[in-house]
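Q: Reminder that position 68 of the sequence shown reads as 421 in this note's numbering, one-by-one numbering, no gaps.
It should be emphasised that the hints constitute simulated quantities derived from the structure, not laboratory data. Glycine is no exception: its CB is placed at the ideal position from the N, C-alpha and C atoms. It is possible that some hints are incorrect.
[What the hints assert, rightly or not] Think about it this way: if two alpha-carbon atoms lie no more than 30 Å apart in a straight line, the pair counts; the simulated DSBU-like pairs of lysine-lysine are:
#1 Lys378 to Lys626
#2 Lys454 to Lys567
#3 Lys626 to Lys567
#4 Lys454 to Lys378
#5 Lys685 to Lys656
#6 Lys567 to Lys685
#7 Lys626 to Lys454
#8 Lys685 to Lys626
#9 Lys656 to Lys626
#10 Lys567 to Lys656
[What the hints assert, rightly or not] Quick list of the computed label-pair ranges, beta carbon to beta carbon:
#11 Glu622 to Val704: 24 to 32 Å
#12 Ile631 to Thr805: 28 to 36 Å
#13 Glu448 to Gly364: 55 to 63 Å
#14 Gln367 to Thr625: 49 to 57 Å
#15 Gly678 to Gly524: 36 to 44 Å
#16 His652 to Arg420: 45 to 53 Å
#17 Asp565 to Gly391: 33 to 41 Å
#18 Gly678 to Gln417: 34 to 42 Å
#19 Pro681 to Ala865: 58 to 66 Å
#20 Ser716 to Arg849: 25 to 33 Å
#21 Ser589 to Gly524: 23 to 31 Å
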Amino acid sequence: FVRLEEFATYGGSQGIWAPYYTLHKILAGLIDAHVLAGNQQALEVLTGIGDWAHGRLAPLRQEQLDRMWDIYIAGEYGGVNESLATLSTLLDRPEYLETAKRFVNANVFDPTLAGEDVLDGRHANQHIPQFTGYLRTYEGGHEEEFLTAARNFWEMVVPHRIYSHGGVGVGEMLRERDVIAGSLFEERNHAETCPLYNMLKLSRNLFFHEPDPKYMDYYELGLFNQMAGSRRDNESADSPEVTYFVPVRPGERRSYGNTGTCCGGTGMESHTKVQDSIYFRSVYGSALYVNLYIPSTLHWPEKGFTITQETRFPYEGSAAFTVEGSGPLEVKLRVPSWVGNGFTVTVNGEVQAVEAVPGTYLSLSRRWSPGDRIELSLPMSLWVERTIDDPSVQSLYYGPILLAAQEGPLGETLEDGFLEMGLYRHMRLDGSLNGGVTPTDRPLHFSGQGVTFAPFFIADPVDPDWAPPEAAEGDSEWRRRRGPPTQPYHIYFRQREPEIVFGTVNTGVPNAPGAEGSPFLDALWGRAPFPDHAALLTVVEALAGDWVASGALTEAQAASVLDAARRAEGELAPGGRAERDLAH
354 FVRLEEFATY
364 GGSQGIWAPY
374 YTLHKILAGL
384 IDAHVLAGNQ
394 QALEVLTGIG
404 DWAHGRLAPL
414 RQEQLDRMWD
424 IYIAGEYGGV
434 NESLATLSTL
444 LDRPEYLETA
454 KRFVNANVFD
464 PTLAGEDVLD
474 GRHANQHIPQ
484 FTGYLRTYEG
494 GHEEEFLTAA
504 RNFWEMVVPH
514 RIYSHGGVGV
524 GEMLRERDVI
534 AGSLFEERNH
544 AETCPLYNML
554 KLSRNLFFHE
564 PDPKYMDYYE
574 LGLFNQMAGS
584 RRDNESADSP
594 EVTYFVPVRP
604 GERRSYGNTG
614 TCCGGTGMES
624 HTKVQDSIYF
634 RSVYGSALYV
644 NLYIPSTLHW
654 PEKGFTITQE
664 TRFPYEGSAA
674 FTVEGSGPLE
684 VKLRVPSWVG
694 NGFTVTVNGE
704 VQAVEAVPGT
714 YLSLSRRWSP
724 GDRIELSLPM
734 SLWVERTIDD
744 PSVQSLYYGP
754 ILLAAQEGPL
764 GETLEDGFLE
774 MGLYRHMRLD
784 GSLNGGVTPT
794 DRPLHFSGQG
804 VTFAPFFIAD
814 PVDPDWAPPE
824 AAEGDSEWRR
834 RRGPPTQPYH
844 IYFRQREPEI
854 VFGTVNTGVP
864 NAPGAEGSPF
874 LDALWGRAPF
884 PDHAALLTVV
894 EALAGDWVAS
904 GALTEAQAAS
914 VLDAARRAEG
924 ELAPGGRAER
934 DLAH
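Make the full structure from the sequences, and use the hints.
A: Right under this line is the structure:
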């Protein structure tokens, strides 16, 4: 601790690891031992640690603290400020809240509070839990700047630094803002598991102060994709069988193991926490938020309710809730941002006349009786997400489920490392791709473009002939400990459509980029869904005019594009035979 305060850096003969990070783990474990298990000795030790930390940090100059908390890894303190703020509330000791404030990393906190993004190149798991701690500090003292900083930080990460499975980081570092496609080949490893653990925690805690569905949309993305895919489907008595990184580089593989690492710890804990954000209640208990569609039973003795959720989601797009108990209650059902047309709600078999807007909560407010039953239809469809910096680099989803192409490595550069696919000819007005990627006989598996797409959360079996490699010079300990790799996959591909097409109606016109660099079809389908064919024609006509003005198309080519779009009306309408087969 003296070294950290005076001169230490990370590593080396005079360096240190991260002493306050270790202290946070001890504090967090002792708080749980006391709160959840009633251990009184834990409380005594907590008080001792709190007094020690207060006495140690109170005299330090702000310049010392700013240097300490900004040192790579040596200054990583996990969420020790979160634990101290919690301890302050638990014991009614305001000095512990003041100690939590001593962990403000002004180098990042101040600009983030002001809305200035300085996160490029920062150590992801050094900073994400800091902001969860600032949020807890706000809860202890209600100083608005701590809440504002936490909100601003989240906005700087989502979506600007998030990969398609919900993870963040190149290696362990936050990448440049809005550089997603451009970072895929920088390393073999991306998206460390610990940052996702902490981003999910930050998201759920921010929701408590602002019940914005965007937090739960992101939570669902990370939970059902990277987190669910971070553990191998394999039993082991000597390894947690969880990931350190969850790579996004095309053709990469997941590796498992990680005994004794930070990600081994958060990786195990994450799989005990699936239930912790399914349901929230409003402060005074008048409303119940249903955030996630996961089979579960909610016991709410204070209100006299037990609510059982039955669902096979995401294998089926539906969920049902059986209510036991009586009384008034507003049930707020999350309408996911990815949901397709046809989201419906019934209560005891009667369709409810409520508007279901994707990315919102739908409210059912009534006096409930024992045996009441709520049933939801959650239509899922295929859709693509385009990377911020290169719209031609895309990921394929079915509802919230990221689909990975099961293919081997292709190359090492952005030019030859991607699978190339032409999907736009299969687009429909609703933005879905159900006409071009079809289901197989395995649940949530699809076939199209010559490859098989499988849910990313499925961990493929390992090669039975695999043997651990010899440790190379410079390999870190965790690299030597990680287990055998699984099969390679691609969660990103490059969309290649050389000609502007609408279904099977060809135009003969090149799919040329416009003034802003995006090809015509990227610009068009980036605005989907379209409410009707007339709305699509309006956008086609406007884009064609822009492309003519920039010199990318001639007047004659623009006329051909608009004519083809008109003639393709029947093909672009949703609900064709391929979609009916998929729904079946």
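Q: Could you run down the list of hints and mark each one as holding or not?
A: A quick look at each hint next to the structure:
no.	hint	verdict
1	Lys378 to Lys626	17 Å, holds
2	Lys454 to Lys567	28 Å, holds
3	Lys626 to Lys567	20 Å, holds
4	Lys454 to Lys378	18 Å, holds
5	Lys685 to Lys656	16 Å, holds
6	Lys567 to Lys685	15 Å, holds
7	Lys626 to Lys454	28 Å, holds
8	Lys685 to Lys626	22 Å, holds
9	Lys656 to Lys626	24 Å, holds
10	Lys567 to Lys656	28 Å, holds
11	Glu622 to Val704: 24 to 32 Å	41 Å, violated
12	Ile631 to Thr805: 28 to 36 Å	31 Å, holds
13	Glu448 to Gly364: 55 to 63 Å	33 Å, violated
14	Gln367 to Thr625: 49 to 57 Å	39 Å, violated
15	Gly678 to Gly524: 36 to 44 Å	50 Å, violated
16	His652 to Arg420: 45 to 53 Å	49 Å, holds
17	Asp565 to Gly391: 33 to 41 Å	36 Å, holds
18	Gly678 to Gln417: 34 to 42 Å	56 Å, violated
19	Pro681 to Ala865: 58 to 66 Å	60 Å, holds
20	Ser716 to Arg849: 25 to 33 Å	44 Å, violated
21	Ser589 to Gly524: 23 to 31 Å	26 Å, holds
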